[in-house]
Amino acid sequence: MATVLSHFSPEVFESLGEVWAGRVTSTVHWLVTHPEPELRLAGVRAMAIMVGFPGVVGNPGSLVLLHATVEAACDLLAQRDANVNRDRLLASWALANVSSVFELYKESWEGSEHFGSREVLSQEMLGRVLDVGLRACQDKDKIRPHGVRCIGNVASFLQPQQVAHPALVPLVTQTVDTLITCASSGSNMKTRWNACHALGNIMSSGRLPIATAPWRGQVFTILGCLVESFKNYKVRIQACSALCSVTGRQEYGNEYLGVWRALLRGLDNAQNIVDYQEIRHRDELINQICQGICQLCAHLTLVDAGALCELLQVHQDVAGPLMQKAYLSLPPERSGHVLQAQHRVEELMGCDALTEAQQQALLILENLTSTSINS
1 MATVLSHFSP EVFESLGEVW AGRVTSTVHW LVTHPEPELR LAGVRAMAIM
51 VGFPGVVGNP GSLVLLHATV EAACDLLAQR DANVNRDRLL ASWALANVSS
101 VFELYKESWE GSEHFGSREV LSQEMLGRVL DVGLRACQDK DKIRPHGVRC
151 IGNVASFLQP QQVAHPALVP LVTQTVDTLI TCASSGSNMK TRWNACHALG
201 NIMSSGRLPI ATAPWRGQVF TILGCLVESF KNYKVRIQAC SALCSVTGRQ
251 EYGNEYLGVW RALLRGLDNA QNIVDYQEIR HRDELINQIC QGICQLCAHL
301 TLVDAGALCE LLQVHQDVAG PLMQKAYLSL PPERSGHVLQ AQHRVEELMG
351 CDALTEAQQQ ALLILENLTS TSINS
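Okay, so the sequence shown: first residue is 1 according to our numbering, each after it adds one.
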């Protein structure tokens, strides 16, 4: 029965109708809370697959089921017996899946008539998920990627008041430190990719104080090094995406010029492929870096332009043709950043009393962005 439930698709679940859908979620809850470990594990697996189905999220009992699944997955993952590695691997995967849709449940609950009667996820539960996830990041090689994904999901879900709560502050700090370590070291590329992705989600969520965070410089430095020259192009692509996920110029602070340097150097050597297997990811890396340059350009100030002049002069000959090629291959939905960059450059060029360095930098950027658009 549990195996059948775990093979449901969203369409199949929706076609059941309200009564049978309710019976299915009740059955999964019965499995998740069953004292028999095998049945509990089967329930956790089924819920990890169904957790994001609209019919499950919108079910009146969904929050109770979500809580029960989180508790069961944490209990299973916390086991340390030598013969439960299969269970713990499945539990780590399930916890990563479930934590990825916390935001959906929050939105659904806040839009319901029951909102205000209880928290969507208590501080204690979030703290436990972080603690268990952090332990998973130090676990066996197959478990670590799921642990990284889990703590990244929770850290980007936390609300500002929770981030500042004394009980969660050390866990949040440890989470970022762990993600930095996982992104910058180790031979498991899935773990490193997940860590870059998690850091990007945290920075784009706007819920952690990036501008004043003591770890900001370290995060940007690590991600920049990966973009510049890391051997695995998929990790480089994700590191670039994370670097440019910041929502405003203030969050970059003094690291802004360093991020520009990392992207331009990364673009320069993107075609210096050591492992031929990375050839299939080369164009995607170039496209991502070019998009990242446009995202950075959208945050540009006149002071930045003056500081960037020499760097842009060094890299413009390589960047120009690659940005043109990248734009031609971008789908329309990804071209917005180029338009924003062009608009920002035009806006700054209209300012009075530009210095020579500012003017030269803006002319180079105008050429890069307009070449991308008009070709």
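To be clear, the hints were calculated from the coordinates, so they are not data collected in a lab. From the three backbone atoms N, C-alpha and C, an ideal C-beta is built for every residue, glycine too. There's no promise every hint is true.
With a straight-line cut-off of 35 Å between C-alpha atoms, the simulated DSBU-like cross-links for lysine-lysine are [to be verified]: (1) Lys234 <-> Lys142; (2) Lys231 <-> Lys190; (3) Lys142 <-> Lys190.
Label pairs and their computed distance ranges (CB to CB) [unchecked claim]: (4) Gly320 <-> His7: 17 to 23 Å; (5) Gly336 <-> Gln161: 29 to 35 Å; (6) Arg23 <-> Gly111: 23 to 29 Å; (7) Glu110 <-> Thr247: 52 to 58 Å; (8) Ile279 <-> Gln159: 41 to 47 Å; (9) Ala167 <-> Arg280: 55 to 61 Å.
So, going through the hints one by one against the coordinates:
Distance hint between Lys234 and Lys142 is fulfilled; the C-alpha atoms sit about 19 Å from each other, no more than 35 Å. For the given pair, Lys231 sits about 14 Å from Lys190 by alpha-carbon distance, which is consistent with the 35 Å threshold. With a C-alpha separation of about 9 Å, the suggested pairing of Lys142 with Lys190 holds against the 35 Å cut-off. Hint check: Gly320 to His7, Cβ distance near 51 Å, so the stated range 17 to 23 Å is violated.
For the pair Gly336 and Gln161, the supplied restraint of 29 to 35 Å holds, since their beta-carbon distance comes to about 32 Å. Here the CB-CB span from Arg23 to Gly111 is close to 24 Å, well matched to the stated 23 to 29 Å. Taking 52 to 58 Å as the suggested C-beta distance range, the pair Glu110 and Thr247 does not conform, at roughly 22 Å. Range check, Ile279 to Gln159: about 43 Å between beta-carbon atoms, so the 41 to 47 Å window is met.
Checked against the hint of 55 to 61 Å, the pair Ala167 and Arg280 fails, with Cβ atoms roughly 46 Å apart.
Hint check: violations occur at hints 4, 7 and 9; the rest are consistent with the structure.
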